[in-house]
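Trainee: Sequence:
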Amino acid sequence: METYDMKPDAPAEYRGIFSTKTNVPGMEVCELLPLHAKCADKYTLIRSVSHEFADHGGGHKRFLTGYKPKEPAGFVNDNPMAGSVVSKLREHVKRGLPNYIAEVDGGRQGVDTFSFGSAYLGSTTTPFFVAGDPGVEGFKVENLGIAPGMADPLDDRARLLGGGMRTGQVVGATNSRGEYPTERPLKPEDWWATVYRHLGIDWTGSFLDHSGRPMPILPGGEPIAEILPGMPA
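-11 is the number of the first residue of the sequence shown in our numbering; add one for each residue after it.
Keep in mind the hints are simulated off the structure, nothing from the lab. Just so it is clear, CB atoms sit at the ideal spot from N, CA and C, and this is done for glycine as well. Hints are not guaranteed to be accurate.
[Stated by the list, open to error] Just the calculated beta-carbon pair ranges, DEER-fashion: (1) K9 to G151: 22 to 28 Å; (2) G218 to G14: 41 to 47 Å; (3) G14 to E(-10): 16 to 22 Å; (4) H44 to L85: 36 to 42 Å; (5) S194 to A(-2): 40 to 46 Å; (6) R78 to P207: 19 to 25 Å; (7) L85 to P217: 37 to 43 Å; (8) G151 to G126: 30 to 36 Å; (9) D197 to T170: 34 to 40 Å.
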């Protein structure tokens, strides 16, 4: 309620204190994100993805894997994160960078690394963890970079890549206090089905776990038609 779903008509104790209009009628984002407001026609807001885990530990895993996690959520990596799934099914794609990069330090205290794990897919699909704080001056990724001078021509450029999605719209809505979806309710598995379809991955497929049992990539879900090119909205 402080970023992309401002609820300007909600009671004062609920609504966000910031607001700004965007370059798309009906879309508002926080005034602390003015550049987002200027390019609202280049992205879509999905306001109705929800799940049943309110805590960070379970919530991380519920969203990042598409599965309801086993509990206690912070001590077992029972399902692979979507990045590991993509890394496994697109391992043939070689572009000079790891297929799965996590912008967290895998050894840092307080980070739920179980949310980012590969589970039964094996160590080759675990993420390349980026240690350190990218916001600190002089930050660099160890053992990964380009030759000095090669990036100079890019210093004055900025590029927004949308992947061909339908943009400049709002999908779904929540009630006046942002407590639950009221229009187009969606789950994390719907989001990942959308991502997988866009990457050419069959989200209805499965892997074999360590016991040889088939484990569906997702427990359900359908691509979000409103944002995908080539699908009837």
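Trainee: Please go over all the hints and tell whether each is borne out by the structure.
Mentor: Here's how the hints hold up against the structure:
1. K9 to G151: 22 to 28 Å: With a Cβ separation near 26 Å, K9 and G151 satisfy 22 to 28 Å, so the hint holds.
2. G218 to G14: 41 to 47 Å: violated (25 Å)
3. G14 to E(-10): 16 to 22 Å: Since G14 and E(-10) have Cβ atoms about 19 Å apart, the given range 16 to 22 Å holds.
4. H44 to L85: 36 to 42 Å: violated (28 Å)
5. S194 to A(-2): 40 to 46 Å: holds (43 Å)
6. R78 to P207: 19 to 25 Å: Holds, since R78 and P207 (Cβ atoms, about 21 Å apart) stay within the stated range.
7. L85 to P217: 37 to 43 Å: Violated, since L85 and P217 (Cβ atoms, about 25 Å apart) do not stay within the stated range.
8. G151 to G126: 30 to 36 Å: Roughly 32 Å apart at Cβ, these two residues keep to the hinted range, so it holds.
9. D197 to T170: 34 to 40 Å: holds (38 Å)
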